[in-house]
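S.K.: Given next are the chains, with one letter for each unit.
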Amino acid sequence: AQSVSQHNHHVILSEAASLELGCNYSYGGTVNLFWYVQYPGQHLQLLLKYFSGDPLVKGIKGFEAEFIKSKFSFNLRKPSVQWSDTAEYFCAVNSPAGSGYSTLTFGKGTMLLVSP
Amino acid sequence: DTEVTQTPKHLVMGMTNKKSLKCEQHMGHRAMYWYKQKAKKPPELMFVYSYEKLSINESVPSRFSPECPNSSLLNLHLHALQPEDSALYLCASSQARQGWMDEQFFGPGTRLTVL
Chain X
1 AQSVSQHNHH VILSEAASLE LGCNYSYGGT VNLFWYVQYP GQHLQLLLKY
51 FSGDPLVKGI KGFEAEFIKS KFSFNLRKPS VQWSDTAEYF CAVNSPAGSG
101 YSTLTFGKGT MLLVSP
Chain Z
1 DTEVTQTPKH LVMGMTNKKS LKCEQHMGHR AMYWYKQKAK KPPELMFVYS
51 YEKLSINESV PSRFSPECPN SSLLNLHLHA LQPEDSALYL CASSQARQGW
101 MDEQFFGPGT RLTVL
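So the sequence lines, in the order shown, correspond to chains X and Z. Going by my numbering, the residue at position 19 of the first sequence is 19; the numbering climbs one at a time, nothing skipped. Going by my numbering, the residue at position 42 of the second sequence is 42; the numbering climbs one at a time, nothing skipped.
Among the hints, a few may not be true.
To be verified - Every beta carbon over 12 Å from chain Z, so not counted as near; a handful from chain X, in silico:
1. Ala-16
2. Glu-20
3. Ser-73
4. Ser-80
Said to hold, decoys possible - Heads up, simulated DSSO-like pairs for lysine-lysine below, C-alpha to C-alpha not over 30 Å straight-line:
5. Lys-19(Z) x Lys-49(X)
6. Lys-40(Z) x Lys-49(X)
7. Lys-40(Z) x Lys-61(X)
8. Lys-69(X) x Lys-9(Z)
9. Lys-9(Z) x Lys-108(X)
10. Lys-40(Z) x Lys-58(X)
11. Lys-9(Z) x Lys-49(X)
12. Lys-41(Z) x Lys-108(X)
13. Lys-38(Z) x Lys-49(X)
14. Lys-9(Z) x Lys-40(Z)
15. Lys-38(Z) x Lys-61(X)
16. Lys-41(Z) x Lys-71(X)
17. Lys-69(X) x Lys-40(Z)
18. Lys-18(Z) x Lys-58(X)
19. Lys-71(X) x Lys-40(Z)
20. Lys-9(Z) x Lys-61(X)
21. Lys-22(Z) x Lys-108(X)
22. Lys-38(Z) x Lys-22(Z)
23. Lys-49(X) x Lys-53(Z)
24. Lys-49(X) x Lys-18(Z)
25. Lys-108(X) x Lys-40(Z)
26. Lys-61(X) x Lys-41(Z)
Simulated from the structure, these hints should not be mistaken for lab results. Computed from a prediction, not measured in an experiment: that's the story for all the values here. Cβ coordinates follow ideal geometry from the N, Cα and C atoms, glycine included.
Could you put together the complete structure from these sequences and hints?
M.R.: Structure follows, in structure tokens:
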């Protein structure tokens, strides 16, 4: 079965610091990869996704992620975080499934706290 | 319209009540999903409907009963719930592409409290 590992459960940064959140997955075949963000009390929002092509993916709010197939990794980065980036971040992988739907496997999440 | 809507936003119910959660999308998606999310945890898949047929039931207790009356609507009927069922219930939909590149779009969720 597919598994997704997020390295840090909690990250605390000061504003303007750089961010990198790690994500590793177990499946060796073709994958679709996602990063979702959940702000306090709010719903899941898609930050960015990788389906194919350029392994460096740019998302919303200045986030980007790099797919490194040889390392089974899809790390999320942002050069300069803001207080408003305080949120829970989930990495997810789309696994092969039956025809007509997909199954997402989520990591356990990383809580990012940005202090002003 | 690229939105998944869910009603109600909040629901408080007793253990003997019967209630329903509703999810709707008008993106022409043919796969719809129910997830349960506890605080500080990732979403857990409960059910998947594909082309209005139940494709996955992740061993969910029978007190949760899904229904897909048409390709745009997904309901979750609740009966005799337990306090530990209190959670955020998320609905999602996707195009149901064969194989890859199938992105799930999430609704805002219904926050359920069982007393």
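S.K.: Going through the numbered hints above, which ones does this structure break? Give me the numbers in ascending order.
M.R.: 5, 8, 18, 24
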